[in-house]
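Visitor: So the sequence lines, in the order shown, correspond to chains H and S.
Its first residue numbered 1, the first sequence is counted upward by one per residue in the working numbering.
Its first residue numbered 1, the second sequence is counted upward by one per residue in the working numbering.
Derived from the structure by calculation, the hints contain no laboratory data.
Possibly wrong hints are sitting among the right ones.
Derived, one-sided and incomplete: chain S residues facing chain H with beta-carbon distance under 10 Å [said to hold, decoys possible]:
1. Ile47
2. Pro51
3. Ile54
4. Leu93
5. Tyr356
Built from N, CA and C at the ideal position, the CB exists for glycine as well.
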Amino acid sequence: MQLQCPMPILDFDIITLGHGSGGMLTNKLLDSGVFDLLSNDILDERHDGAFLELHGKIAFSTDSFLVSPIFFPGGNIGELAVNGTVNDLAMCGASPKYLSLSFIIEEGLPVKDFWEILVSIKIACEKAGVKIVTGDTKVVEKGKGDKIFINTSGVGTINPKANIGKKNIQIGDKIIVSGNIASHGMAILSVREGLEFDSEIQSDTTYLNHCVEDLLNNFGTDIHLLTDPTRGGVATVLKEIAEATAVGIEIYQKNLPIDDQVASACELLGLDSLYVANEGLFIAFVSEEKAAVILEKLRQDTKGRNAKIIGTVVANHPKQVVLESAIGGKRVISMLPGEQLPRIC
Amino acid sequence: MKYLSEYRDPELAKKYLEEIKNTVSRPWSIMEVCGGQTHSLVKNGIIEMLPDKITMIHGPGCPVCVTPLNLIDKAIHLATEKEAILCSFGDMLRVPGSQKSLLQAKAEGADVRILYSPLEAVKIAEENPEKEVVFFAVGFETTAPANALSVVHADRRNVKNYSILASHVLVPPAIKAVMDDKESQIDGFLAAGHVCTIMGNTEYHPLSTKYKVPIVVTGFEPLDVLQGILMVIRQLEQSKSEVENQYARIVREEGNLDAQKVINEVFEVRNQMWRGIGEIPDSGYAVRDKYAGYDAIRKFDIFIDEAPENPLCISGQIMKGIKKPYECSQFGKTCKPENPLGAPMVSSEGACAAYYHFSGMVEI
């Protein structure tokens, strides 16, 4: 991403412990441009907390972001932190409004990197239409962090037409995935130290709230459940849902949308794309009757142009997710016992 | 995906399955030697699609599963006590040693790194001259050339702080051990395509002649495996026992001579312990004396007492095809991927983990 805001001229080029002390250096860091960059009427009050006005039912979510490396193909930890909480709120059927933003910075982080992350945060907030209204900055000693950790929490108002919940899932529901799977995880892996490989794979990190709002406004309660398959990928999310609702889920390998390069990278590294993380993707359980029109509508949106119906909720094999392989065989999808580890050969 | 989707064609798969059904007239047991093929069988749901008369038996070809417990303990010792940077292929990390796994050692602060290439470990050694860097060189003949090359490369660049903890296993002696076991009832083999890519097919002719079994060198995609099974069945039905090459698009009769040369430069054949099976004569590679300085065992002179295996684990019988994972009293109960009693439950190529993850159609 290109820097659209020039970095302020400072008399320090790395962040040190003093910048998190709450004293003069902290103010110097924040006044140097952080507040200006993220400025809005609520944040500008600079009070201990934010004064918010919200009406009706609200959704509230929080997430912490630690990614290595912090800059990766297709994004950086800053926009990931905004999009992550925006999307979690969108998955509740809410319109995200306000976010908090907390940094835990490892001393030694170049100010130029911090600035680039902040600019990404600003841009991501503008795109998603949310405001950073409160925040915090702490600095830890070298070796006690990994460059920068970010936490965002957010609130949003629930769309009155939405009724999202696992309890709404019915036998016959169709399962839509909004785009190509496994891009984020493979983009990160392609630049991870020791595992680098040449590719043009980009993270899919993006905000999904507008796209989801559009669907909810048009199809309301025909959308039974929304969820974003981040860590653990599509397989883990579906297995969690099957376990929690006691329904069976069938998915079809031939329908799984995946970019050719991502699929090749997964093959080469011996990873199963169904378990690889996504950051700009959602899964929707929708009524059987409206599935086709919902899919058509979603595919008109840039965030959903690769969307596909990947599966069905079934009465058979309750709590089990069964995948029909490309050649028509069947296998059960389970949760991974831990991180997916690359195979030897 | 070019070169892959062609081998996953559902219509062709149907034709192969039909042809297998039409060919088979009585029960046959076929062992796929390689863990990669086990993975493909279960991942694609092939086992359930085969006629009942065909029983697939998952062989000992999972390098993670057969690496001796004692060697894992040594790797952990190097990482924790000797404070070496221990580099490894990913799926070795979760394998339980007698006390802990490498993953647990890493969580406790040991410098354990996942790599795809041993050459990367040499680079790490060059970048960290004050540290010892050890690559955990496990695998069949397939990974041996790269591991050997890392030693040659380190030697050429005079990287003295690099060594390998070698535990290489060889397929032909394993086939021999399986056939020599009185309890084994294997009628035919799918040999490991990638092992043969390196070593060629010549070692398999004496085996098929001696034991009167068909051996088909087979690839890993669903159509490869189906075609390999069909070729074995055709031979069995005609009472033939020959070596055939299903994976001809990759495997040459003589193998990859350059790769064999680098293996022979660094390694020599020795007796090898196989976890769960025991010692098999001439079934592994040891680092030659010429490169003793790159052999972690000799370099660090580590001795660790042999720890006993969990007596409830029947992994040896599983890997020799005598028992199926679900015939084990511990399968899915005390032994699960998150808490494995033995190695076949760890790697996705291990027969037990493969059954646990993918074949849950049978209620556990």
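Visitor: Decide, hint by hint, whether the structure agrees.
Guide: Each hint tested on the structure:
1. Ile47: The hint holds - Ile47(S) has a Cβ within 10 Å of chain H, the shortest such distance being about 8 Å.
2. Pro51: Violated - the Cβ of Pro51(S) stays beyond 10 Å from chain H, reaching only about 14 Å at its closest.
3. Ile54: Violated, because the Cβ-Cβ distance from Ile54(S) to chain H comes to roughly 14 Å (cut-off 10 Å).
4. Leu93: holds, 6 Å
5. Tyr356: Holds: closest Cβ of chain H sits about 7 Å from Tyr356(S), inside 10 Å.
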